[in-house]
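Protein chains: 2
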Amino acid sequence: MKSESLGIIEPKFFKFEENFELESGKILKGFEIIYETYGELNKDKSNAVLICHALSGNHHAAGYSHDEQDKSGWWNELIGPNKAFDTNKYFIVSLNNLGGCHGSSGPSSIDPETSQPFGKNFPLVTVKDWVKSQDLLRLHLGLDFWHAVAGGSLGGMQALQWAIDFEGHIKKSIVIAAAPKLSAQNIAFNEVARQAIVTDPDFDQGSYHPKRGLGLARMLGHITYLSEEMMKEKFGRDLKKENYEYGFDVEFEVESYLRYQADTFSDKFNAHTYLLMTKALDYFDPSRDYENDLNKALEKTTSDFLILSFSSDWRFSPERSKEIVNALVSSKKSVSYAEIKSYQGHDGFLFPDKRYVQSIKTFLKK
Amino acid sequence: MKSESLGIIEPKFFKFEENFELESGKILKGFEIIYETYGELNKDKSNAVLICHALSGNHHAAGYSHDEQDKSGWWNELIGPNKAFDTNKYFIVSLNNLGGCHGSSGPSSIDPETSQPFGKNFPLVTVKDWVKSQDLLRLHLGLDFWHAVAGGSLGGMQALQWAIDFEGHIKKSIVIAAAPKLSAQNIAFNEVARQAIVTDPDFDQGSYHPKRGLGLARMLGHITYLSEEMMKEKFGRDLKKENYEYGFDVEFEVESYLRYQADTFSDKFNAHTYLLMTKALDYFDPSRDYENDLNKALEKTTSDFLILSFSSDWRFSPERSKEIVNALVSSKKSVSYAEIKSYQGHDGFLFPDKRYVQSIKTFLKK
Numbered sequence: 001m002k003s004e005s006l007g008i009i010e011p012k013f014f015k016f017e018e019n020f021e022l023e024s025g026k027i028l029k030g031f032e033i034i035y036e037t038y039g040e041l042n043k044d045k046s047n048a049v050l051i052c053h054a055l056s057g058n059h060h061a062a063g064y065s066h067d068e069q070d071k072s073g074w075w076n077e078l079i080g081p082n083k084a085f086d087t088n089k090y091f092i093v094s095l096n097n098l099g100g101c102h103g104s105s106g107p108s109s110i111d112p113e114t115s116q117p118f119g120k121n122f123p124l125v126t127v128k129d130w131v132k133s134q135d136l137l138r139l140h141l142g143l144d145f146w147h148a149v150a151g152g153s154l155g156g157m158q159a160l161q162w163a164i165d166f167e168g169h170i171k172k173s174i175v176i177a178a179a180p181k182l183s184a185q186n187i188a189f190n191e192v193a194r195q196a197i198v199t200d201p202d203f204d205q206g207s208y209h210p211k212r213g214l215g216l217a218r219m220l221g222h223i224t225y226l227s228e229e230m231m232k233e234k235f236g237r238d239l240k241k242e243n244y245e246y247g248f249d250v251e252f253e254v255e256s257y258l259r260y261q262a263d264t265f266s267d268k269f270n271a272h273t274y275l276l277m278t279k280a281l282d283y284f285d286p287s288r289d290y291e292n293d294l295n296k297a298l299e300k301t302t303s304d305f306l307i308l309s310f311s312s313d314w315r316f317s318p319e320r321s322k323e324i325v326n327a328l329v330s331s332k333k334s335v336s337y338a339e340i341k342s343y344q345g346h347d348g349f350l351f352p353d354k355r356y357v358q359s360i361k362t363f364l365k366k
Numbered sequence: 001m002k003s004e005s006l007g008i009i010e011p012k013f014f015k016f017e018e019n020f021e022l023e024s025g026k027i028l029k030g031f032e033i034i035y036e037t038y039g040e041l042n043k044d045k046s047n048a049v050l051i052c053h054a055l056s057g058n059h060h061a062a063g064y065s066h067d068e069q070d071k072s073g074w075w076n077e078l079i080g081p082n083k084a085f086d087t088n089k090y091f092i093v094s095l096n097n098l099g100g101c102h103g104s105s106g107p108s109s110i111d112p113e114t115s116q117p118f119g120k121n122f123p124l125v126t127v128k129d130w131v132k133s134q135d136l137l138r139l140h141l142g143l144d145f146w147h148a149v150a151g152g153s154l155g156g157m158q159a160l161q162w163a164i165d166f167e168g169h170i171k172k173s174i175v176i177a178a179a180p181k182l183s184a185q186n187i188a189f190n191e192v193a194r195q196a197i198v199t200d201p202d203f204d205q206g207s208y209h210p211k212r213g214l215g216l217a218r219m220l221g222h223i224t225y226l227s228e229e230m231m232k233e234k235f236g237r238d239l240k241k242e243n244y245e246y247g248f249d250v251e252f253e254v255e256s257y258l259r260y261q262a263d264t265f266s267d268k269f270n271a272h273t274y275l276l277m278t279k280a281l282d283y284f285d286p287s288r289d290y291e292n293d294l295n296k297a298l299e300k301t302t303s304d305f306l307i308l309s310f311s312s313d314w315r316f317s318p319e320r321s322k323e324i325v326n327a328l329v330s331s332k333k334s335v336s337y338a339e340i341k342s343y344q345g346h347d348g349f350l351f352p353d354k355r356y357v358q359s360i361k362t363f364l365k366k
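Line order of the protein sequences matches chains A and B. Be aware that the first sequence starts at 1, since it is given in our numbering, and climbs by one per residue. Be aware that the second sequence starts at 1, since it is given in our numbering, and climbs by one per residue.
Okay, chain A solo, but in the shape it has when bound:
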């Protein structure tokens, strides 16, 4: 375990036992949310920060867990003592979203009506649904407001939706490597991933674990998370062996890497959760309830905004982040923006670039 680590974190549970109506109109008969906290809540309960996760993320954002004592949380580089989200100053809350597969109610949890896992019967949930459930978590924690809500990618979309849907209960919104809605190309990539899963014969034939399809989805996703330059630097055209073998075994290093990613991910992730997360991405469009006008959607927001993008991100490029910035500026909102120079592509939001960290620190403090 490294120094400056938060050590082993015990997850907590929030059980909501009433009916929860989803955006789709369907009803969840209660739900459970797993979450972790880092740092201490101050006396006047004014230092709580909510962290929202992306497609394949979960509640375990920082420190270590009992299950994986050698692997830290997904945002451990940014959450901890003196880090971007400084646990000496803030009380950080990180949850697994509804529909996830790491402990919150989702396709892998047991449907009380059938005593079987929900599987594909778990209803589709949206970013609005998540934010609504996160607001119930806020109440459960006895908080009047979040000092900040922050996330990258799909997590950033939740931070944006928070500012719109619960403007009275959020002071600062940190929207990282996100877009105000998916483009046709973004949806297209998601659709290929979904088709890989749902056309896998194992999807519908009892085992409910389409490992092949989920692996393909992960490989494809992975390409879109990395920049072309990072792939070039990391793999180039390096061969596993000395020469071309003129066959279909792994020849290039990049093939080996992708197959490994596919294999490890598809062993542990739930395919229905993957499907559901990609649909939440596709559906995300906060302007939809406001005559398709993002300016209108942002009008009643009261929080300050920090919008961050990464120069080499081609999944949600800086141009997409600027669409959010422009709408905020048009709506005369308080907004700071920085494009972080990076070569890691969309994954840039996971790494503690100095300017990136400083932007978050300054924004949280001001």
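You can trust all of the hints, since none of them are fake.
Pairs involving identical chains hold if they fit within one copy or between any two copies, as the list cannot separate such chains.
In silico DSS-like links for lysine-lysine, alpha-carbon gap of 30 Å or less:
| # | residue 1 | residue 2 |
| --- | --- | --- |
| 1 | Lys89 | Lys171 |
| 2 | Lys232 | Lys332 |
| 3 | Lys241 | Lys132 |
| 4 | Lys128 | Lys45 |
| 5 | Lys333 | Lys232 |
| 6 | Lys128 | Lys232 |
| 7 | Lys120 | Lys211 |
In short, the hints are calculated from the structure, not lab data.
Once you have looked at the hints, place chain B on chain A.
Chain B alone, transformed into the frame defined by chain A:
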């Protein structure tokens, strides 16, 4: 049938009955190549132009065929009377490459040793192998040289390899929307496509037609052929029905389009050919035989070069074309370059943009 059309074209066949050694060291015991010609060969046999096709292309580049009287060849917009490749002036030859599935020897042709289709036993072929077989076609046609060899994407790579391998038999090389070799990202996309095919349970279980996997490969390929802006213009976030349905049926227009592409393509294309074409792309690297130095590879070339790229192409971006241009300039070769402004992405090379057409006409004439 449209005016200015070449009408219905009868394909021709070239049968090579000797052993043909491939770059891999494997031997093809003879082969057959299907090809078409448009226009007339002049008296001194100095006006022949070879057209090379890309990944899913074939010999039927222009005019109509008996099978498809309502659908013209894949480059019909550029080949014909007064078009970029003017059939009033040039004798155009277009073939289906070895390993193809449209009439040349390939996985779908019959292996004389087993009386069954070759299927996955057809050996992997490379761009060098194709160029070598195209040179035999040249001899068969009684030509001393090609006035030009031209192609887009993988076709452009053949035009480049031609200039290197048979410098005495090519006057002009037209390399369109190509790269001097694939990047790690390019290989990664190909690998996902291949894994979609080879992990499809139907791949190895008798039917030898992994329709699902081939469809996924096509969907994915298709995304990389179109620019983000073209997808935005063509589909945006348009829905098939009025509202979100919160399910996995088609919701967005772009999903419908991709599923249709997958379905029609995978009904007619051979999966083994698809695998083999993607490997030919991965393997392509003319510098490999020249100490990984493209300048050295180009040193002995004697043809003039026209390199063309498309502004919105992100599969083989203008930057990749410029790598070829820069190596040609370093080697003091005669090279013209144009970046064609386009919004169609990689597919731009299929459309008769005015400046694009004029660049080709001028270069063929000069």
